[in-house]
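Protein chains: 2
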Amino acid sequence: MSKPDPKATTYEPLNEGVGEWAPARVTLPIPMGEVAARTSVDMATARAAASFDPTRIEETLRDARIDNESRIKVMTVLSKDPIFANWKKRMPHMNREQQMRQSHFACRRILELGEQNEWTTHEIVEAVLTLDLQSPITIHWVAFVPVIFGQGNAEQIERWGEKAMNHEILGCYMQTELGHGTNVQQLETTCTYDEESDGFVLHSPTLTSTKWWAGGLGTTSTHGIVQAQLIIKGKSYGPHLFFCQLRDMETGKLLDGLVAGDIGPKTYGAFGGLDNGWARFDHFKIPRDHMLSKHAKVKKGGEYVKPPSDKLSYGGMIFIRSQMIDRTGWMLSRGVTIATRYTLVRRQFRDPSSKDVNDVERSVLSYPSTARRILPLLAKAYAYILAGRRMRTLYEDMAQQLEEGNTELLADVHVASSSLKAYCTKQALDGIEECRQALGGHGFLASAGFTQVFPEQAPAVTYEGDNIVLASQVGRAMLKLSGELDGNSSAKVAATSGFLKAISQANAIPFTQPKSSADWYKPEVYSAALGLRAAQLVVDLRAEIKSGRPFVDLSFECIEVAKSHAEFVVDLWFGEGIRDDAQRLGEKECAWLNKLVTLHALTALSRNITPLVLPASQGRALAGYKTGQAILAPESVILLEKAIRELVTEILPQVIGLSDGFGWLDWELGSSLGRKDGRVYEHLMADAEANPLNHPGAVPSLETIDKVGIYKYGSANTGKGIPDWYGSEIGPLLTAAARRANL
Amino acid sequence: MSKPDPKATTYEPLNEGVGEWAPARVTLPIPMGEVAARTSVDMATARAAASFDPTRIEETLRDARIDNESRIKVMTVLSKDPIFANWKKRMPHMNREQQMRQSHFACRRILELGEQNEWTTHEIVEAVLTLDLQSPITIHWVAFVPVIFGQGNAEQIERWGEKAMNHEILGCYMQTELGHGTNVQQLETTCTYDEESDGFVLHSPTLTSTKWWAGGLGTTSTHGIVQAQLIIKGKSYGPHLFFCQLRDMETGKLLDGLVAGDIGPKTYGAFGGLDNGWARFDHFKIPRDHMLSKHAKVKKGGEYVKPPSDKLSYGGMIFIRSQMIDRTGWMLSRGVTIATRYTLVRRQFRDPSSKDVNDVERSVLSYPSTARRILPLLAKAYAYILAGRRMRTLYEDMAQQLEEGNTELLADVHVASSSLKAYCTKQALDGIEECRQALGGHGFLASAGFTQVFPEQAPAVTYEGDNIVLASQVGRAMLKLSGELDGNSSAKVAATSGFLKAISQANAIPFTQPKSSADWYKPEVYSAALGLRAAQLVVDLRAEIKSGRPFVDLSFECIEVAKSHAEFVVDLWFGEGIRDDAQRLGEKECAWLNKLVTLHALTALSRNITPLVLPASQGRALAGYKTGQAILAPESVILLEKAIRELVTEILPQVIGLSDGFGWLDWELGSSLGRKDGRVYEHLMADAEANPLNHPGAVPSLETIDKVGIYKYGSANTGKGIPDWYGSEIGPLLTAAARRANL
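Protein chains in written order, with the UniProt record's numbering: chain A, 1 to 743; chain B, 1 to 743.
Keep in mind that the hints were calculated from the coordinates and are not lab data. Even for Gly, the Cβ is constructed at its ideal location relative to N, Cα and C.
List time: in silico BS3-like cross-link candidates among lysine-lysine, alpha-carbon distance up to 25 Å:
(1) A/Lys642 x B/Lys626
(2) B/Lys626 x A/Lys515
(3) A/Lys595 x A/Lys676
(4) B/Lys480 x A/Lys355
(5) A/Lys720 x B/Lys253
(6) B/Lys355 x A/Lys546
(7) B/Lys233 x A/Lys7
(8) B/Lys546 x A/Lys642
(9) B/Lys253 x B/Lys285
(10) A/Lys253 x A/Lys285
(11) B/Lys235 x A/Lys355
(12) A/Lys515 x A/Lys595
(13) B/Lys720 x A/Lys253
(14) A/Lys3 x A/Lys676
(15) A/Lys233 x A/Lys297
(16) A/Lys297 x A/Lys163
(17) B/Lys235 x B/Lys297
(18) A/Lys300 x A/Lys233
(19) A/Lys300 x A/Lys235
(20) A/Lys7 x B/Lys285
(21) B/Lys642 x A/Lys626
Far from chain B by the CB rule (all over 10 Å, computed), these chain A residues:
(22) Phe52
(23) Glu69
(24) Asp289
(25) His295
(26) Arg392
(27) Glu404
(28) Asn406
(29) Leu652
Given only the sequences and the hints, what does the whole structure look like? Please build it.
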């Protein structure tokens, strides 16, 4: 790549024009200058330095719901569509009501595009997901369709499932209420069997029983599934699921006996295109066959037929959590891709050791404080994607077993999915914002591309099981499993909890003190250390229980127990995930990904090294260790930091290749700073020139919403705009101020 | 407070109606139910349990820019004004362009209210700040006015200062450029002395020299101060400050030789009412006397007169940082107040030990995983507010000295303000989001009140000195100061760096190993431990330097050095801040605040205990300690956690009183979950009923912006709304889907 002429004052376009949008480019006659001219060269040079093929990684990891070729086909259609081409740039200029209208418009448009381009259902879902809007169709697919198929009987699946798959009906899933979310057993909505009509009556008896949060419910869904307390002849049978129609299909009018609406804007502007809703039922009648009856059912006359096992309906809860792990990794990878690219081309401060005043400033990514911040996050993103693939496979194995009435895998999958959901969602959320902060001041611009990522990831730490509550469940499981091992040291434990054996069996996890930083790169050292730390924390938890503290008061301690458990599991599955796809990935690609496995493990250890260096107190030593003995020597800790430093230095020249491996298209990222070609300053300036606020004119009403947020590249008025209201606000302000001053 | 009747279906208003807004209340005929009826009682009970007077704390700490009485006077005017009464509820319904117009409107309106109510300038600033908009007037006051007064000579202050104080001109401060922010020395804008006209010529030579970020510049400022490289007769004298007019006062038209505009929306919807701007100068002429000349000046003919000391102009940078500490504490205190109140009244799960099925569920705040999360954040908020008061005083002392040419305090104030700015802004940002997460799912609603807080705090970690860069400066200062002590053990060090003596002088920080959890409550234990940890980290940093690593490669290590330094200083100043105001605060109030000092210190230690428990490696022991010896015994760590637990338990019954002590008014918090009276479920339901999205009608255009985001309490249409566009989008979507399915 040749360097653009720093003296040139005309600029190449930054993208193609589509519809009313001219191609983006700088239009003022500005000499580019050395700093801006260098960015594309820096990026090309860094990309060329990759000693592996990023597309092999992309093609392997993107082969999920749809394969990579199909994904790119779908994205290409969207990125050339007049409505969607500049979608991500327009959204921050719309208010909630405008975003909601655009979301409905987009749903209709995507189904049209799907028909025109003969997309599969999965391709349609991919297209909807990629808009960063969390539209009602997303929720229809994530929460409504799977519940019908997972909890309905064959007849119900035939009756409703196909219509839902075809979008002939749009549905929502109503579980959470105003007063209860985490404690599902305490939901207040009732569904009472009425013998006379042989049907059910749905009712919301109190303010806090109002259904709350269901996506799509607010203004869209024609149908829904309601979780309610089943009551037959005065006796409560606990929460069950009921299917019902909500709105008239043609007019959208809510049915009688039902009130509903949108619950309001979400924090940080998140989910602007999703109508999370509220609903209240007033003795609302539904037929008896509307209870989802794969497991339990109610017969004519009110006889209740129990499910064959209480555990069978757990599958659904675990399903969503187990799908969240890789999704979380992908979200983090967006932040990482942007941060890697921008900090590479951003230069700030000359190296103080340089004697040549003509030396250019140093790439921000080359500072250890940046590299040490971002590379572990790169490793985490790959870790969650690959561990998440394992999680899905394990879930599918379990679901298969459950179909056959076998619950063997259930406990392990429950614990692992709870642990990883809680850990990965939090790490990803923090990591995304850390990436934004690493960009410096420009990261605060919406166009940096985080406006869609952080807010969208924010609720993941509280929905589908609050992370802190899930951590307690992991803690409880560790106590139970370790207790079983106490009684029977040869009891079977899943690989994800294998470290528990170290509590009572010396050498269950053989560990040799590292003698050099290179020793830390051995899996038998770092994975062992992760296992020993997790085991030590369980021992500490058991000691607190032994000291008389009740489990319910140990919820704080469980947080670290669950974190260390999760880091052990992610390490295990990250490595396994690479081996699963080794052939397709290729040798060099695996080698670099395996370096990320090591980096992930070492930085996970460094996050909390205390349990390994603290000499064991009385009664808190692992088997084979003595009271007063620490697992790790002080020198090993110094070597650990050295190992991390050296590994970061080794990986650094490969990071553009590694972030390319995620395969994000510029259109998907929607980021001026994360451009694949590195032309960040041109992009920032082009958008600042064309920013709609600088090109006044009556802001369009809802009816002409297609005009909202259009960037006017190349307007003659560039840099000279005066807002419509200057004359009514700022002018009079100054005049009045002058009058007051002269009183 | 008597409990509302759970069976009642009519509701008391939640506030007063103002203008077009009816009073907020639930209007559907819903029985309240036990859960909702209990919240106000729980809140009143918890408030009554305070064993001190929160108003004494409020009145003391709120006595800042204006006293508390004046603050409440101003807020009361705003909360009863038709424009501002529901300001915070309306903002999330406006898009960027609408928010910007509202911001200009608000600026004019507040100056009018100021005139009507005879507000002082400080009261006007307080009114503007409280709108959570970061309006151009805020920046005028924070960045433009202080620079004129701090860097202008007497004649310039007279010429421009008074006009600025009266809002006869509105200004911005242009420092950062597209290509350079952190590295100020490398700014590219030039200001060249022109001998012929005896004036200066401002010029933007390259793309990356475009001025960027200046608040108010985009669409508002009539004037500005530009930082540019001073060039006289071909020689560069480095960055200097220049005053210039930007726009025609009457029309708002940009002057010739200048293009400018708004840089675009910010991340997470932040700063929607601030027009951060860009500007380019094309050989733009300004008079010679427009260079701010308190220190340096240029004489007729081009003779450059150096400032008496290079250090004199540092004051300005330090000024803004030193003002950020308590502001950061106040921002955090908003999150803490909301989290404390909502988690108190939110109940989830019965205590498993209870045998009585009629027992109510447990307050979420009573779970250790919640209390241990929120109480340390409560302590941090008070810590930053009180340490921030000390910081301001110290700054003023230093500024006074600088006026007299005395730079004695400069180094200490520079290091302390850098350290605390970097540490407190990050802790507060993380803490605010932690508070939101502690709310569970409902924290994701904009009405929870975090939409204004987290995004507004987000840029603080990168502006006014990137936190990571500041951490390196702290690290460098610690190396320098400790080096000076090597050479001269009786060298004078400021109290904020006093711990450095422990590196070479045994017993500089006497420390006795705690023998009980209560021992940890002694300042001579916890403050000493904080000092020893900070010293140990400096020793580790020195060891890395000794091993041959250059300082520039130690930027990652400096982060923890700076954190531990900051925690030592916050601890020191938090305690001193309470003592400074002890009489006014009162005895009981001080006693509880001092428990927060302890809690802050203990949790700061617990954050990273490793340096204290790791046996010293060769060459890394503090004076008086041997190689292989740790500072803290393993049992002390267990006692530390016990001490924290017991202290949290002791403080817990006082938290409603302690959060009341911040003195936030419901109107200021703008939070449905943080209501002082605890009526959260009623508030959520009332707003869900009235949410504008549920009451369709053409969305107003910009001209009728006063109609945007009005909540329709008590409308006959409640719960039955159909969006305007259902007929054009969702209806056709379903019809087309049915057609496709039947093909």
